[in-house]
Structures are given as C-alpha cells and as structure tokens.
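2 protein chains.
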Amino acid sequence: MMDIEALRATLRTLVGEAHVLTDGDLTAYEQDWRKRERGRALAVVRPGTTEEVAAVVKACGAAGVSLVPQGGNTGMVVGSIPDASGTQVLLSLQRLNRIRAIDAANLTVTVEAGCVLQTLQEACEKDGFLFPLSLAAEGSCTIGGNLATNAGGTQVVRYGNTRELCLGLEVVTAQGEVWSGLTGLRKDNTGYDLRHLFIGSEGTLGVITAATLRMYPLPAAQLTAFAAVPSLDAAVQLLGLAHQHLNAGLTGFEVMGDFALGLVRKHFPQQNVPFGGMSPYCVVLENSDHESESHAREQFERLLEAALEQGCVLDAVVAENIAQARALWHIRESIPLAQAQEGLNIKHDISIAVSRIPAFVTEVDALLEQHFPGVRLVNYGHLGDGNLHYNVQAPDGADAEAFLRDQEGPINTLVYEVVDRFNGSISAEHGIGSLKREKLAHHKSPVALNAMRAIKGALDPKNLMNPGRVLSIE
Amino acid sequence: MMDIEALRATLRTLVGEAHVLTDGDLTAYEQDWRKRERGRALAVVRPGTTEEVAAVVKACGAAGVSLVPQGGNTGMVVGSIPDASGTQVLLSLQRLNRIRAIDAANLTVTVEAGCVLQTLQEACEKDGFLFPLSLAAEGSCTIGGNLATNAGGTQVVRYGNTRELCLGLEVVTAQGEVWSGLTGLRKDNTGYDLRHLFIGSEGTLGVITAATLRMYPLPAAQLTAFAAVPSLDAAVQLLGLAHQHLNAGLTGFEVMGDFALGLVRKHFPQQNVPFGGMSPYCVVLENSDHESESHAREQFERLLEAALEQGCVLDAVVAENIAQARALWHIRESIPLAQAQEGLNIKHDISIAVSRIPAFVTEVDALLEQHFPGVRLVNYGHLGDGNLHYNVQAPDGADAEAFLRDQEGPINTLVYEVVDRFNGSISAEHGIGSLKREKLAHHKSPVALNAMRAIKGALDPKNLMNPGRVLSIE
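First to last, the protein sequences are chains A and B.
Position one of the first sequence corresponds to residue 714 (the numbering used here), numbered consecutively onward.
Position one of the second sequence corresponds to residue 714 (the numbering used here), numbered consecutively onward.
The set of hints was computed from the structure by calculation and includes no laboratory data.
Do not take every clue at face value.
If chains are identical, the list can't say which one is meant, so a pair holds when it fits in one copy or spans any two.
Claimed, not checked - Subject to a maximum C-alpha distance of 25 Å in a straight line, what follows is the list of computed SDA-like cross-link-like pairs (lysine to any residue):
| hint | residue 1 | residue 2 |
| --- | --- | --- |
| 1 | K839 | M991 |
| 2 | K771 | R1166 |
| 3 | K771 | A1161 |
| 4 | K771 | Q1023 |
| 5 | K1060 | V1088 |
| 6 | K1157 | A1167 |
| 7 | K771 | A1167 |
Since the model is a prediction, treat every value here as computed from it, not as a measurement.
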C-alpha cells in the first residue's frame, strides 16, 4: 500500500508547499469541461519548471502512483481529470507558462506548455507574426494541451492542426527524464519522429513541457464572406473553387446546416444571420491576403462570381469591415452555445474525405430519421478539413435528458458505423480521452491498436502516464 | 542454420519464379547509389501486391531472415542495400507501382510505394494538380523511398518534407500484418500517429506499401529569380522579406556559395552563371502564383526593390520565360555534378535554425581553414529550410582520394561538433542508413535514442526489418 502522506510530503519538497493542493475546492482541476465527470486527485501538483516536472514524475514513478497531466482543462473527452479513486496525481502545467523566445528570422516561437493559447497568439502578433492556431477555447486552453490532443480549430485548411505547427518538443518521459527536442529545425532526419508520437498522445506517453512552433507573417488583410449554397455538394464544389482562386489565402471554410443557423436565430435574435431559410446550408469563408484589402476583395469577388455562375452559390455577402467580419464569424461560433440553449445533445466530431461528405450526410441523415424519427440534426463544422460536428438534438418537445441517457449509445453506434463504412474518423479533433476509449477499441484497426499498445508498453511500461486514456492496457 | 534454398523456394511460390532473383547481375539492387558499398542478397524479391509483401515478410519472419526494403535505390546513406553476408532478403517495391486513385475534391492521390516520383508528379499534373515534392533523383526514386526517408528537396519552404505531404499510409508490419491507414483524412485524433512513426524510419519498423498524399492546385505562373547577396546574413534577411512579400508564393529559396558557383562555371562553361565573382553568395528564389504571370512579376519586382533598398541584394535577374527559369535552376542543380567533376569530396547534409546559419558558417569556415588549411568549401543548399549541403573539397592540387580516406573522419567530427553546439541536425534530409549510424549514436540525445530503441524493440522484436540501419540494437 502506498503511503499517500509520504508522497504528498515529497511533492511539497519538490515544488513548494503552495503548489501542492490537497484541500479546498479543486473543482477546476477535478471536473471535466463538459461537466460529464468529476474525479478526485491524490494531490494537485503545480510545478514551475521542467526540472520540477521531471522530479514529480520520478517521485510518482517511485511510489507507483499514476499522473494525469492537465493544461487549461478544456478538453471535450474527459482526458485530463483524475479518476474517482483519489490515487492519481493531477499534474497541472499552468505555472509553466513562459514564452521562452521568439526567433523572427527562423519564424519560430518557443513556449512552455502552460501558456494560454490566446496569450501566445498575442505575443506573436505584437512582434508582427501570426500564430495561426485558433479555436473556441483559446482564452483558457493551453498550448501544451493543444499539442497533447493535436487540437484543430478554424484555420486548419491553411495551416494544419497543432501537429503541423510544431517543429520541436521538450518532453518529460515516463521515466522522469527530459528530452530536449526544441531545435526549431524544419528538416531533421535523424531517426524516429518522437515529436509526432508525443503530439496527440494525450499525456499517455510523457509530459510535454515546451514546444518550438511555427509563426507566419501577419496577413495584410483578412476578409470574410458568408454564402448560401444549394446543397452540401455545392459547398464541396465551392471549396474546390476557393482552393483554386485563393490558394493559400483560403484560411477558413466552415459549413453550417440551416437547422443549426435557425438555433442561432432563435436563441440569439440580436444576431443578424443572413439568408434565413434560403438554403439547406451556408458557408463562412475567410481570405487572408498578404498584399492589401483591395486585392483580397478583388480575389473574393472573382471567386464568388465564378461560384454564382456555376450555381454552387445562391447568394453571398462579403464583410465590409472588421466588425462585420467578426459578426459573420460570431454566427458560426454561436452554434455550440445555441444548441446548448436548445437543450442537451449528442455530439459527434467526425471526419470523412471531403469528397465523400455529401454522400455520408445523405446516408446518415436518412438512417437517423428512419430509426429515431423527429431527431434534429445540428450539422456544422470545418468542411475544408472534412470535419463535421454532426450533433443530434432530441425531437422537438422531447425530454432532452432522457433522450441523451437512452439514445446516446444507439445513436453513436449508428453514426460511427456509417463513419467506418466511409473510412472516416470517430474523433477528428477532440481526441479519445476516456469518453471514447471503448469506442476506439471497436472502430480502430486491430493492427493499429496492437502497435499503439506495444508503443505504450515500451515507453511507459508501468502504465503510470494518464492510464485508462486512449487505450485500455490489460 | 536456416535453409536458404527452402526459403527461396517459398518466396518463389509466393511472388512467382520470375520475381525472385538470385543469379545474374544484381548490382542495381546490391550497390548503393553513391557506390560506397556493395552488398549481397540471399534473394531479390519483387512482390506485385501488398498481400504478396505481407506474405514475404511472414515467410522471412518464420525463417528468421531479415529484410531490406528498397525503392529506387537512390538513397545517400547506404540504407537500402543488403549487407555483405548474403543472408538478407532484398525486398524491392518497384513492381508495386500503381497510382490507385486521384480524388480531386479531397485534393489527394493514393499511390503505391514503388511509383517513381516523376511518374506521380506527371499523373497529378495531367489532372490539373501539383504534387510538390521535387528533388534531384525524381526520375528514379520512388515515393515509398521518399516516405521511408522523409525526403526533402527544393519545395520544402512552402510544402514541407515528404512527411507533411502524407495524409495516410498502408504498411506491412514486422509481423507481416497489413495496416490500412489510407483514409485521406486531414484530421484524425484517434490515438498515436503511426503514420509519422513509419515515415522516416527507413524501413526499420515495417514496409510502406502505399500512401495517400496531398495535392495542390497547379500554380498559374512560376517565376524564378537569381540574386547576388553581399553575405549570408543578407541572404537570411532576403528570406525574411520574401516570406513577407510572397507569403505562400515563395516555393523555393536556395543559396549557393561563390566557390560552388565557380565550379559550375569551370566544369560547365556553356552555362551562363550570372554575377561571376560579384558576391560571396547568390540565391535562387521561386515565386509560384495562382493568379497570373504578370501578378507574379509585379510581386517579385516589389520584393527585389525592397531588398535592393535595404542592401540585402546587390543585383538580381528575373527569368523572362520558362527556358530562362530552367536555366537558372539548372545552375543550382549542377553544383553536385560540378563538384563531382572537381573530384571526391566530403559531404554534409546539415540543418541549423535559419537565424543561426550565418554564425554557424562563419565559425565552421574558420575552424576548417585553421585545422585543414587550403580545403575548399562547396557550400550550398536549401536556406529556406535551414538546410546546407556544406561539402568539403580537398585543397587545390591535393590527392582527392587520399584526402577523403584520411580526412573524412576528422572533418566530419569537426563539423558535427559545431552542428551540436548550434543545436542542429547531422542529417537534415538524407537520413541515417548505415553510413551515419555510429555518428547518430554520438550526436543524438541519449533520452531520444533510448526511446527509439524501445520503439524498435516493441514493433520489431526480432530485429528483422532493415537491421543495423538507423540504430544499432544490442
């Protein structure tokens, strides 16, 4: 039996009395973002340096105690809170939050894991650079959590996921050793790419403590358009035209179903949502231009002309100024809030090859209507990346709580079965955590799962790093 | 003792008599590209399908025989030929060369490992798309080899290495199982990224049999400029301006030292190399434009004006047409041939953070001149990626063969020691193979090497996949 008090005392010695929390309200650390689960930590430990993280990992390893790393605790899949046993140490990276260096000529920024994403964006912008990762939780999520979960967001169509923005990592391994991989190199073919292995591993292989990330020149202008499209097929056609006309200028391409937009109209009537009821889908596009606003506008106009001619756009507005652009994006960003106002719902974060999205939606829409008559589909997402948040709301007037309790399982099964047939992913950008772990075991290829288990066993043989997340180890 | 003849017979059954080569001239399979080493294969096996590859891996595994996967055999680091023992099976992927599908709306192409890179480029172009990987060996290297070694080339500044172009893999594992990861998804956060683990692992973890890769719209125009710059510092400054002015239009940024250009002038006098002796370095830049040639030219002119004003460019020419553009690129591409004409030389393929390249070169230039007086530095490479081919030629009139024999070791040691101090890489784009394996053991962090060994042991416990490459396993 481990001696809990002895370990707590050791941890206090390592990081200081004030940074080992065991009493008081620990809700912020112990409850997940979506309030689906509440755990209990042996202690919340808040190291302030990489060396302290390494010492904590070593101490926990010696005591046989498992660790749950946590950044801003904004994850969607219950991946960064302790379980209910009271035997896990919650390792908060929030104090490890410095921006270590901005290297303008190398177009890189080196930052510690606990830095809040928005703080990082602002620091880069102050120096004249863009750090392009952008997502709803950016005001509280941390870059370490973004890396551990390979966060996506709204700029992936141009800049990729967090993974694609990372040139190097500093990691504390499960053995409590520090791997210093913060080289800032754009090319390095010296063996296996450990960086990409740790990115997206959700803290199950080690603790990311810092990263060197790509920056880009700030665009001279950003323009936003909002377009009504006659179908999802048309939206995909418009995406192709946008790639052709805007090329790397295309930095955002979001789709929104009419019911999703209707919820915004209903719950946020002060928002002016264009094209009400005109079309089954609307699209938000963003064009980032390195020349000028007039050049951006000219490019956008050519694109929309071609799209109107080809019939893949019914009508469109281009924001005249930044306030209008923000308002158009705000419509898209309000969908999750509007659906929450409407009531509990069943969330999916799926991806399919872009070309197959229309066929997928047609099929799963029909199957759901057949098996769960009256369900309402809040379908929206990052069409440019083939990523839909295909969410399912209870039928009008139904008891949403009962619906969630009784139907979440069967509806997940139905949707994920179609995702499988379309060779898609059941978690495009949110990760697995503990919420989707059992699902993953059914939907991922056994060959891949075996390889993952072998790697986990090789790098964390005692299964102390965020155990029970992503994989179950028997 | 294994029964060689029995295994050969099994292999003949699996892939057909004609595709198991044991006699005749096998030089093309057994000798490395740079003619540094010659091995001897138990058999050269040429499977025609993924299932045949899997069957061959299983048969070799059952016999305890190791496998060396090979694509076009154009690697630079002796990574894809059998050793001299005559006990390894050479697995040629060349017959597995189909382009399986081009998905225009998803901007992806799915292709088998043995497809020659140029064939792939041409197939995409025929459908109106760009597959941007481009390197000297493109007429004979294969995409499987490009993936296994994470090849770089001349377009990395915009499109990344082969790694960044890959959305999914099909792999035969060391156990002879097929992992089908050809999803074509841009977002997929369902566990560890096996794709990136196999990419760059040089066949030591499994055999890549197919891949789904990104395509881009073809640019409307490509313009090339050749500029004389007063220093490497100025070249880095010009690079920053080019990022600002051209943004994603900047698809190539190569630097060439004056001595390297002098070798082209000397050995290929028919080539018209601009700015002879005017400056210590010249730069080739490429601007790919999705609008028009006139727009590309206007962008280029603005950039060069700004650069001339800031003094980071002394003089520049912009190609007037495609023939001139090719001629300018041809100068850059002729450097390796010119240095070969000049005699044997010691090659380095190093990377450093772009911002630190000038300081690195100043330091290592001086150290070499101090310790090896008279050596001639053929310094050129992909400055946009911080990747230099910093090659060392014997002093004028010296015996090049003796120089290579006696000085390669000490010069490598000197150069790599400075690379270490600058936190750089001793292999930016060529990989490790067997040529740099011992070097890697000295220059890579022990924490990273231990993690690599643990992964290798977990995925290939019998050490049968390209053993002795990348890592030595004790």
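Evaluation of the provided hints:
When the C-alpha separation of K839 and M991 is checked against a cutoff of 25 Å, the pair qualifies neither within a copy, at 42 Å, nor between copies, at 38 Å. Taking the shortest alpha-carbon separations for K771 and R1166, both the intra-copy value of 22 Å and the inter-copy value of 21 Å come in at or below 25 Å. Taking the shortest Cα distances, K771 and A1161 sit within 25 Å of each other only across copies (18 Å), while inside one copy they are farther apart (30 Å). Neither within a single protomer nor between protomers do K771 and Q1023 lie at most 25 Å apart by alpha-carbon distance, with minima of 62 Å and 53 Å respectively.
In the homo-oligomer, the alpha carbons of K1060 and V1088 lie at most 25 Å apart inside one protomer (13 Å), although the nearest pairing across protomers, at 65 Å, exceeds that limit. With identical chains, the CA atoms of K1157 and A1167 are at most 25 Å apart both within one copy (15 Å) and between copies (23 Å). Proximity of K771 to A1167 under the C-alpha cut-off of 25 Å is found in both arrangements, the shortest distances being 22 Å within a copy and 19 Å between copies.
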